[in-house]
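Novice: One letter stands for each residue in the lines below.
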Amino acid sequence: MSFNSQLLSKLVEIYGPSSNEGRIRDFIREEIKDYVDEIRVDALGNLIARKKGEGKRVMISAHMDQIGMMVTDIDEKGFLRFTNIGGISPIYSYGQQVIFENGTVGAIFCEPVEDPSKIKLENMYIDIGAFSKEEAEKKVSIGDICVYKGHFSENENVVFTPYLDDRVGCFIAIEAIKEIREPKNDLYFVFSVQEEVGLRGARTAAFAIEPDIGISIDVTSHGDTPKAKRFAVGLNKGAAIKVKDRSIIVHPYIRETLVKLAKEKEIPYQMEILEFGGTDSGAIHLSKEGVPSGVISVPTRYVHSPVEMASKIDINNCTKLLVEFLNTEFDI
Amino acid sequence: MSNLEFLRSLSNHKGISGYEDSLNELIISHFEKYADEITTDKLGNIIALKKGCSPDKDPDKDRVKILIAAHMDEIGLMVKDIEENGFLRFTNVGGIDPRTILGQEVIVHGKKELFGVIGAKPPHLQEPEEQKKAIKMEDMAIDIGLPYEKVKELVSIGDPITIKRQLIELKNDRYAGKALDDRAGVVSIYECIKELKNLSHEADVYFVATVQEEVSMAGALTATYKINPDIGIAVDVGFGTTPELDKADTLELGKGPGITLGGNIHPGLRKKLVETAKEYNIPHQMEITVGPTGTDARAMQITREGVPSLVLSIPLRYMHTSVEVVDMDDIRNTGKLLAFFIKEISKDILEGLLCY
Amino acid sequence: MLLKRLTEANGVSGNEKEVRDIIISEIKDYCTSLRVDRLGNIIAYKGGKPNSKKIMVTAHMDEVGLMVRDIDSSGLIKFLPVGGIDKRILVSKTVLIGKDRIPGVIGAKPIHLQKRNEWSNALDIKELYIDIGAKSKEDAEKYVSIGDYIAFDSQYVEFGDRLVKAKALDNRVGCAILIDLIKKVEDVSFYAVFTVMEELGLVGAGPAAYAVDPDISIILEGTLCYDMPKVDSHQIPTYIGKGPAISLVDRTTVYNRKLRERVVAVAEKENIPYQFRKTSMGGNDSGKIHIAREGSLTTTISVPCRNIHSAVSVASLEDYENTYKLVEAVLTDLNEEGYDELQ
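Chains as they are written, first to last, in this note's numbering: chain A, 1257 to 1588; chain B, 463 to 818; chain C, 2 to 344.
No wet-lab data here; the hints were simulated from the structure. There could be a bad hint or two in this list.
[To be verified] Covered, in the sense of this in silico footprint (three residues per stretch, anywhere, with C-beta under 8 Å from a C-beta of chain B), are these stretches of chain C:
| id | region |
| --- | --- |
| 1 | 37–51 |
| 2 | 62–73 |
| 3 | 327–336 |
All residues carry an ideal CB built from backbone N, CA and C; glycine is no exception.
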């Protein structure tokens, strides 16, 4: 089975927290520019790439932004205090390395607390090994955002790396852009910004594009690890077709089309109901007069931690399903 | 069909948020006798237009547009997993209090309609401490009495589930059933469109049976964007008075719709609505909600450049259970009030009403 | 004095008329155009040198307050909070009810009659009530009605080292600054929008932004300040006396970094003291403005206020004046050149 580890490993390691996606946007732009007809960037920073075709106007969304931590204070001794950008868990952050846009490295630790299970972000700090405020200020400023410093690893089954959410979605979208030669529909690939803080990029992009159909590619959780909360989705059981989460009840036509395609083309699939969380389709489906929308999800373990894990076969199946979906003749 | 028959058919029918399309035939067949045009939009809203007539026989454009919304979706459940013994695990769609569904009969809408029962750990096997606490939905399961293999053939993850309930007649023209929130509202706006046949009105009125109000107001947001009305009116339900509730928070059954006051409501329009009620002797009550209401009007008010909005609430007891109680008089009076209000609205007086 | 007039006017969220009328009377002779939209927002335009981008400056007109919920048989008034109010600040305060400003006091069970263990529990709003001295329900109904809006009874007072105490500094400081901008700034084109119901969930801002469709917006606010002694510096959101607070991130917006850096550059060039708003709690109209239509850039510049959302909020007049200076300088700067680098 061929899997483009090279591309994915580059995507996950490029700096791009919510509101500051410039670098990842530049990389993706370079990667896809020879395969699309039009490219533009909007006011919030969304990268919008069009592959022209007849048929319906479809908006495909994968978010480029990452969760991160923003520096709000630098104390006299050079320790940094921070707030979260997106969903950061104190437990997953404790003891982790972080990295700033300019390459400065730090480690997150915590004030001593009575009850470790109750640690909050306010009790934590980033140590960049500066011994005074002045020294620290030479390297970082208030308002700078850092992300988990991780490393891409893999074996024959899975990939282990931070930020599969949602660089794996970007990966799938890029692979689809390259694979589709003569689009049967008018395809707008949106590499969106600020999904992690409230689906903000997708909302404004959908307003401008006015699609007939929306589809996003994101990660979903898992239920297949020891004593995990009950959830029917697991690794290596196929592409997850979303039914509902907190932001959307997927339009029946979109959901049924995806299931039908998966069966016809023999792509393994599983149905997904997520009892928390949302994706870009949550914003797309409410745009203007409404847009029938759905989601293809990559089952992922340990989402929003520094080591997320997904199965390579699942990722490839998601790509296959997306390509089949985009080549469909829709009758809606 | 009479209001009661329509209410009964609607209440007994399935149609949880996101899965309202099975209601289309029932609702369209009622409204099409009175509407000039009926369509469904991209997310499934049903839109019935009753055109007005301008006094000087103007062409269609430029008439005042009024949007009246009642949501057709009901809260319900959804299959989220299938156990090895064929029992179903489920989640909620919309605000369901887990305490109201223990021991309930349900219908699972799989490849066919399957009867089921919601059970949980028997009390004998629970610690005394456990017995004092409410049981979580996580710990409940639906028994459809079939083995795993058979269940897998007939049921999929994502299948909708509704409570099994038929409308029940009580005293004093009051009825109990499921989904009266907000199918009672749908019957009210039906009453309104019937009344309008006998009244002349200038405004174009869009009667919308909206989708997904219970989860996201997706229907109201997108229908309002599409129609872009001058006035938006949500017809929903309000908390009916019962002894353990504070009177200040409730509406009495049989005393007419609640007319809401607060930030979500345009003061000039509200004043006109109350005047209309007094002029035509329609019983009504006061309801206050400080900020955005929990109705389609919340979405209508902030769409595009903003839409002046009103809310009418039909008093309803035991909201979000499957034994919601309404008084038929209230449904009828709400519909009539709407019709008389619409009659009063013309381009000439609109500016004055909406002025701050 | 403008700020006194504005803070002593009553404009609880959903009932901003009194404040709106004052603002209109102040600005009408200085605007190119002025209208009130369907929700009560004021949308004004000051024409000047044409810009390549559309600039909007906003301030919300509403304040938090209360509303009459019920009148009980003895003539006591039950109420609801309008906007986010810490219920613990209500006991033993005076209020003004309705258009006629009927005075009332918020009381509760006297402490002598409470058991010792009751003392440590905050009183729930349902246990509080307003007494206007009425003898009975019928008597009370001569003066107040259900649905009447209630504002804190608090006068504008200057004290200490150029400090001000008043109610509604959030956000009459913003309104006052915007009024002054309209009057004094020449030769810059910008939309000045006074929004409604920010405190109820940024209700007015979305439709206003939809109508104006700005490229860049400056949101003026009064913001949290908690600079008590012995609190760790990283937990202090802003300080009194350190100048206008520039927002980094809050619950509704991650502020565009380049625009923010430009504001900082202007402050440093003009030698205006400034600070960063260090907490990510709270939100303001920017939340709805930056994601309206196809999206746009926003920056929020605030006057720090202690005891925000209470009858006794406190701000420094020096911070207020410096905030005005900074916003005026930013407006002029944005008018001059080089927007595209902000993308």
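Novice: With a C-beta cutoff of 8 Å, work out whether three or more residues of the region 327–336 of chain C approach chain B closely enough for the coverage to hold.
Specialist: violated (count 0)
Novice: Three residues minimum, CB to CB under 8 Å: does the region 62–73 of chain C make the cut for coverage by chain B? Let me know.
Specialist: Holds, because 3 residues of the region 62–73 of chain C bring their Cβ atoms closer than 8 Å to Cβ atoms of chain B.
Novice: Mind checking, does the region 37–51 of chain C have 3 or more residues with a CB under 8 Å from chain B?
Specialist: holds (count 6)
In this structure, only the earlier hint numbered 3 is contradicted, and the remaining ones agree with it.
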